[in-house]
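Undergrad: Respectively, the protein sequence lines represent chains A and B. So in the numbering used here, the last spot in the first sequence is 462, and the numbers never skip. So in the numbering used here, the last spot in the second sequence is 96, and the numbers never skip.
Incorrect hints may appear among the rest.
[What the hints assert, rightly or not] Okay, derived cross-link-like pairs now, EDC-like style, lysine to aspartate or glutamate, Cα gap no bigger than 20 Å in a straight line:
1. A/114 with B/42
2. A/114 with B/72
3. A/403 with B/42
[Stated by the list, open to error] Derived, one-sided and incomplete: chain B residues facing chain A with beta-carbon distance under 10 Å:
4. 34
5. 35
6. 36
7. 38
8. 49
9. 57
10. 60
11. 61
12. 69
13. 71
14. 73
15. 88
16. 89
17. 90
[Claimed, not checked] Simulated coverage check for chain B against chain A, where a stretch passes if three residues somewhere in it have a Cβ under 8 Å from a Cβ of chain A:
18. 40-48
19. 74-84
Hints were generated in silico from the structure; no laboratory data involved. From a predicted model like this one, the values you see are computed outputs, not experimental measurements. For every residue, glycine included, the Cβ atom is placed at its ideal position computed from N, Cα and C.
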Amino acid sequence: MAAGIDIPTDPEWVDEVLLAGPGGQVCLVLDAPVDRASLRTLVAERQQALHDAGLRAGGSVALCLPPSLTFITNLLAVWRIGARAALLDHRLTAFEVEQALERLAPQFVVGVEKSSGGALRAFYEVQEKIVVRPGGQPSETSHALVQLSSGSTGPSKSIGRTASDLIAEIERYKAIGEGVPQGGERIVSLASMVHVLGLVGGLLYGLRAGVQLVLPGRMTADAILEAVAAGPEPTTLLGVPFHIELLAAVAAPPRLPQLTGMTTGGELVRAQVHDAFADRYGIRLGNMYGMTELGVIATDLFGAHRPAILPAPGIEIRADDGELHIAMENSPYVGLVDPTRWSDGWLHTKDAGSVEPDTGLVRVRGRRDSQVSIGGLKVDLSEVEHTLAGLPGVEAAVVVYGKAIEAYVVLAAGGQLDGVQAALSERVAAYKRPRAWHAVDQLPRTATGKLVRDQSVLSGAR
Amino acid sequence: MTDLERPAHPATEPAAAPAADHRHRDEVLAMLATYGERTPDEVPETVDSLELAWLIHQVEQHYGRPFDADDDALARMTTVTAVVRVLAELGFGGTG
Numbered sequence: 001m002a003a004g005i006d007i008p009t010d011p012e013w014v015d016e017v018l019l020a021g022p023g024g025q026v027c028l029v030l031d032a033p034v035d036r037a038s039l040r041t042l043v044a045e046r047q048q049a050l051h052d053a054g055l056r057a058g059g060s061v062a063l064c065l066p067p068s069l070t071f072i073t074n075l076l077a078v079w080r081i082g083a084r085a086a087l088l089d090h091r092l093t094a095f096e097v098e099q100a101l102e103r104l105a106p107q108f109v110v111g112v113e114k115s116s117g118g119a120l121r122a123f124y125e126v127q128e129k130i131v132v133r134p135g136g137q138p139s140e141t142s143h144a145l146v147q148l149s150s151g152s153t154g155p156s157k158s159i160g161r162t163a164s165d166l167i168a169e170i171e172r173y174k175a176i177g178e179g180v181p182q183g184g185e186r187i188v189s190l191a192s193m194v195h196v197l198g199l200v201g202g203l204l205y206g207l208r209a210g211v212q213l214v215l216p217g218r219m220t221a222d223a224i225l226e227a228v229a230a231g232p233e234p235t236t237l238l239g240v241p242f243h244i245e246l247l248a249a250v251a252a253p254p255r256l257p258q259l260t261g262m263t264t265g266g267e268l269v270r271a272q273v274h275d276a277f278a279d280r281y282g283i284r285l286g287n288m289y290g291m292t293e294l295g296v297i298a299t300d301l302f303g304a305h306r307p308a309i310l311p312a313p314g315i316e317i318r319a320d321d322g323e324l325h326i327a328m329e330n331s332p333y334v335g336l337v338d339p340t341r342w343s344d345g346w347l348h349t350k351d352a353g354s355v356e357p358d359t360g361l362v363r364v365r366g367r368r369d370s371q372v373s374i375g376g377l378k379v380d381l382s383e384v385e386h387t388l389a390g391l392p393g394v395e396a397a398v399v400v401y402g403k404a405i406e407a408y409v410v411l412a413a414g415g416q417l418d419g420v421q422a423a424l425s426e427r428v429a430a431y432k433r434p435r436a437w438h439a440v441d442q443l444p445r446t447a448t449g450k451l452v453r454d455q456s457v458l459s460g461a462r
Numbered sequence: 001m002t003d004l005e006r007p008a009h010p011a012t013e014p015a016a017a018p019a020a021d022h023r024h025r026d027e028v029l030a031m032l033a034t035y036g037e038r039t040p041d042e043v044p045e046t047v048d049s050l051e052l053a054w055l056i057h058q059v060e061q062h063y064g065r066p067f068d069a070d071d072d073a074l075a076r077m078t079t080v081t082a083v084v085r086v087l088a089e090l091g092f093g094g095t096g
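Just need the whole structure built from these sequences, with the hints factored in.
TA: Structure, rendered in structure tokens:
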């Protein structure tokens, strides 16, 4: 896919593409509605604060904020200045954040001074603070947005997207057309806005298209349905497969005539869950396939092709030796030259799959590397394993995924399992940590001495 | 996206918990097991936020009334043991 006209840090795009529109039009609903005029004022205030702190066009900022109005206004303000924003998931540990900051070398970090919010909250009330990082570097590339693919240890990737990349993705949503919320409608988003689905598919597309973005008060089934019921406009739910499972489990949902459909990203939901959801709500249930590298790639928004998906307009997909490759003019990776990830105008997705020659329909058949998705968040098992195996008290470790992340650990002499768990919790975010732990005397190995990751073999070692 | 925070060290089950607590614990494990096609044996001691959202819905359906916990109570529900305790405090099963 061509990236379009490159307008890397021209701040005009924020006003033209995202903030334009009638001042009185409500564009966001967190705890209270925010109209465009108020959003423009709030963004201008943040812009002034960042400018006063020293941020200039071509500068760099890391945002380490939970989902909040503060996150939205700071992101738009950074872009409006013409600087680059790197997004760090607020769930990362202090260790991971520090690793990421060393790698990204931003000039400023916008973090949390004070925050209210907590368990199951979809958004927080945040008072931010701007911290100057001595030695931080201005942006060396034309990217407006930088995200880390997973974690910060090991070979994680920095993914950069220019303003024109983001605009191209927003336009792709528009081009998909039917099944994508239209102006005057609402999206109740359950997807994290620091990751691509919630960020572009929810926030940025919503701002562009005049679609109200609503976040529920809590991520419980009742609160999600209440958020849908709170407005009369046609409403689409945006989330990950867990949310389908949760809503499908509601025995007698209220009548919600405004709910027109639900779209999820990530892996496909099980057929019986899909059917239970469709039966309960009587609405379309769509599936999207996307990657941080280029956003939405293919969709099946009406469940018409399930389990296959159709490439979005402008996206070219081919299967190469069983791996899906997507045409992409430039490598999205910042500071990484790895021909197994991008080469000769093709992004190598690491997803196994096939493309039907006649119809162009795509089947995605799972990862070919160690990445798994936990509630929509990507976890690289090799990163967790690498970190675990490097801890004091650990002689060897294997981390696998069955129904949860599981660790098999050989403790060194004097090593204690609870000490190892405590050390790991300082290093990797909670959602990446093993849920089940097995301390074993030795780990199964192949004849050539490689660690075995087959779970049936591993469970025999317990 | 929801939070997935949980402590590294799950609290351990008190050595001499009353029989009613054991029953209630089994009930909680059974409710958690309905998410992700697990057996109660496969439910880890730690409860992540997806499981918590799932559990709250199961509790409401099981008891037929809303589960009105504040942030503080929800924040404490990070292990099966803690869940059993908080549910009992709020009058949902257990010895309360």
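Undergrad: If a hint holds in the structure, say so; if it doesn't, say that too.
TA: We went through each hint and held it up to the structure:
| no. | hint | result |
| --- | --- | --- |
| 1 | A/114 with B/42 | violated, 38 Å |
| 2 | A/114 with B/72 | holds, 17 Å |
| 3 | A/403 with B/42 | holds, 8 Å |
| 4 | 34 | holds, 8 Å |
| 5 | 35 | holds, 7 Å |
| 6 | 36 | holds, 6 Å |
| 7 | 38 | holds, 6 Å |
| 8 | 49 | holds, 6 Å |
| 9 | 57 | holds, 5 Å |
| 10 | 60 | holds, 7 Å |
| 11 | 61 | holds, 6 Å |
| 12 | 69 | holds, 9 Å |
| 13 | 71 | holds, 4 Å |
| 14 | 73 | holds, 9 Å |
| 15 | 88 | violated, 18 Å |
| 16 | 89 | violated, 15 Å |
| 17 | 90 | violated, 14 Å |
| 18 | 40-48 | holds (count 4) |
| 19 | 74-84 | holds (count 3) |
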